[in-house]
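Participant: This is what each chain is made of:
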Amino acid sequence: MTNEFAQQGKDVGMCLCKVCRNINPIDQTHCSRCESKIQPRNYASLQHSWALLITAAILLIPANIYPITIVTNQGKVTYDTIYTGIVHLVHLDMFPIAIIVFTASILVPLLKIVGLAIYLSAITFNLPLPKKKLMTGFHIIEWIGRWSMLDLFVIALTVAVVNMGQLLDAKPAPAATAFALVILLTQLAAKVLDTRLLWDRLEKNNDTN
Amino acid sequence: MTQIESPKVVKKKLFSPIWLLPIVALALGAWLGIKSIKESGIEIQVHFPSAIGIDIGKTLVKYQGLTVGKVTDISLDKDLSGVNVTIVMDYRSDPFLNKNTLFWLVMPKASITGIEGLDTLFSGNYIAIEPGDGSSTSKFIASTEAPSMIPNEEEGIVVKLTTSTLGSLDVGSLVFYRQVPVGKVVNYRLIDSDTIIISTFIEQQYSHLVNQESQFWNVSGLKIDASLSGINVNTESLASLLAGGISFNSGAKADKAVTGDHYVLYPDEESAVKGVEFVLTAENADEINQGSAMVYRGVEVGKIHKTQLTESGVKFLAKFDIQYQHLLNADSQFWVSGADISIDGVKHASRLLTGSVVNVLPGLSDSAIPQDFKLQNQAPDLLSDSKFNIKLTSDEHNGLDTGAKVRYKQMPIGEITQVKFSDDFSGVEYLVEILPEYKNLLTSDSHFVSESALKIDASLDGVTVTTRDISTALDGAISLVRGNNKALVKPNSRFALYHSNENAAESIAKNNITTLTLESIDGAGLSAGSSIYYKKMKIGAVKDVRWDNKTDQFSISLAIKNKFSQLVRDNSVFWRNDAASINASLSGIEVNVAPLEGALKGSISLGLLSDDQMGNQQRLYDSKELALKQAQTITLTLPAEAKVAAKAAIRYQGHQIGVVQQVKLNQDLQTLTATAYLYGEYASHFTKSDTEYFVVDAQISLTGIKAPETLITGPYIGVIPGKGSESADSADSADIFEAHLAARYDADIDDDALTLIIEDSQLGSIKVGTPIFFRGISIGQVDGYTLSDNGNKVLMYSHIEQQYTHLVNQTSRFWDASGIQLEVGIFSGAQIETGSLETLLSGGISVATEDVTTSENKLSSGASFNLYNKMKEEWRSWQPEQVKP
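Chains as they are written, first to last, in this note's numbering: chain A, 1 to 209; chain B, 1 to 885.
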């Protein structure tokens, strides 16, 4: 069972078309059905993913340091970073929202970067980590990552709705761009990665977990 | 198929281009980081006395509205004397953070001078910064208040005012120029124990108003000057009322002030304004108080500053504003003028509240300004030279006040300026000013009449109500009545002022009438004012009726207008008018009605006799008739039994020559006194002392009825003219006569008739009137008879008419021819001889003359003859041929 289970397509000379899910002989360069380019493994994706992840990590700093919104309330201009926004919510006793915002805006991007970094490290450096758990974490990251756009979505809505000039106005600040890039880049980083590389390593090491 | 393709070796790329992304991100991040580090603020600490109004993270630091920093922390001072505020300043503010840089907290501040920091209501308080010089530092001590904003040259000038007390002045107190805010107090500070220097900022557009001669004074608060002349509330503006203020004036032509000039701040305007001081003197301080304004053409040019009582009156210290000092000359005039309330309206009503003012009339003189000026009570009359002054005199004060208008045809032509007694107190003298343009109205015979507001003149002519405007009622007014004379008068001429037109007319008439006095036995129903008519036209009036108790006569003074004076001349006569005279006589009825007014008030008529007649101008006749006939009064004394009544005629030979006016019984009951008139033309004949009056009554006898008309008209009085000399010798005339019941026997005898006395033993049928016949023709008659003194015969007074006197001489014989001569003879038969039928009835005397009348046998009056009983036969043959002389 283990062998069956562990048997890979390249072992039997088969390669999956990522576009139409057709199984093609491994020596074909293009899908016989959809003529998309097929590759048994994309080793460059690892580099891509790393690059995107590092960029995201770099951008995470200004995203948190710089204010994400500029709110003009009765002529008084307030610059809010993500953190101060959450602090405001806490001061206003809105803990659930604060938790949601904290999770979506700080925790998730951070965990995503960390998780991706672990995942990539595990592939790149062949770290002895249980592959299944890594896979599970990867799925979680991929799924939850999109929710990090919540903050930007709120900002977009607020900017569109609250527009009363000097009395009350909200505008996105530079951190919003950075933050959006962080989310985008982490998503991309997860997306470009050829997860089969993990399993290659699994076969090599033949570790069960 | 079997061909083996050479393997395509793809070199594995070491670096994917994707790695550019993190590099770019890193570069961007690095740049941002460097930039933020570079631009991160400078942290400074400012010590504030308290943290009130300062919020961490919120309170900003602003310079000229630009945010240059933000409070990041507040911590307590170590010794709890305040708080240390940590401020992150913009990195660009580094050059300004020096030792003398000032920080202060700006909070919203609403004060009377304005609202500051209104923006902080929304933006919150902020900390203001005023950069200073000095060495760079990061620790500061905040000012409690904003430092004075010392403006620069473009914005205005700052002058410094020295004062000893600040009053209610404060930073921000306004500076006024003629109540226009032109600047504000920016700073003040105590220099030493009694000097305060106030820095005052004057805006550029007003800075020219401040010059070297300007004076500043405090107008803070409310200045209430309540006096009897009113309440004077002085304040520059509401702001200065509450927050204090400074006002200043501008010198005439002095150099412009520049920043830093020093001035003295006076406590009030009075002490500030330099002006020209001078002294006004007055007898009393009525209406004028300290603070009363001096006004020229309605502009306040100065004020009374001080009132002082002196021995001779009141002394006012007055001061002209400096810009009006040219109005003060040696001949300037000052007078008090207040609100003027008259019937024409209220002038200067505001002065009811503000009190009277001192009016100023600048003079022209260049000579030195005297020590003091007299404060007059009335405005000087600028037109006095050209005005025309006259004097009016009146018997008494007519209620005319100074200011009463003088009118002509109801147009004002002048006014009364003074009322006083005449010098001898005999009347009142009014000084009147006639406007120059009307002086030609005054002619030498003009006069003035005082008007009354309401005049009701009710007379027989109707009721006239005359009203004048109400000012006439209050002030009185006089009207000019022009005379006919064209001659103009000189100034200060005198005119008469009368109470009324009637009064005037009367007084004028007094000078314009001919007076004369009439005598009358009664008042004739006349009174003063009764009219005098000529041909029923009024020519004058009775002036006076007086009774003289000695003569029981009335003297009636007449006033006849001068234009009718020529009516009063030698042949004028006066009579009184009866209301209606009805003259009913056998010849008809004449009804004469006098003018109604005269009928009611009594009146007199004047009439003219023909030119050759002389009238009596001292006599008032009872009627026109009497007057025109120039009746003369006589008084007759009659026996009581005479049946003579008033209006009985006085006749001579049957011709009326007069009339009895009244008859009254005297107290002795024996006599009547009759007043009678004799018509003037005959009067001279019948007023001679020997004139005889007698009563003629009807006598019915056998010979006929004598005077039968008296049966109807009543008895009348007959008269026999006197024989006195013809000349109007008063000694020979009389006006009191005794009348007899019958005429004297010889009353009817002509003067040149021949009178005889015929004697007989018996009277027989001889009566008065028995004719004397000559050859059957009556040549005379028996006029009367009487017994001789010794009683032995009857003397029959007879006369022979003048034309027959030559028929009678000493040879004449008289016999009784009365009755019937009956001779019965035997031989001759019966012989009946009678005279005429008249002689048969009334008797008669015949006469026959023997010789021719010569000068020897001519009879003289009073000769006596015997009366024979019958004619002798030989007398019948006497036939002398008489010669009529």
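Errors might be hidden in some of the hints.
Claimed, not checked - Okay, derived cross-link-like pairs now, DSSO-like style, lysine-lysine, Cα gap no bigger than 30 Å in a straight line: (1) B:38 with A:76; (2) B:58 with B:160; (3) B:561 with B:391; (4) B:256 with A:171; (5) A:76 with B:70; (6) A:76 with B:109; (7) A:76 with B:561.
Please keep in mind that the hints were generated in silico from the structure rather than gathered at the bench.
Participant: Are there hints from earlier that the structure breaks, and if so, what are their numbers?
Facilitator: 2, 4 and 7
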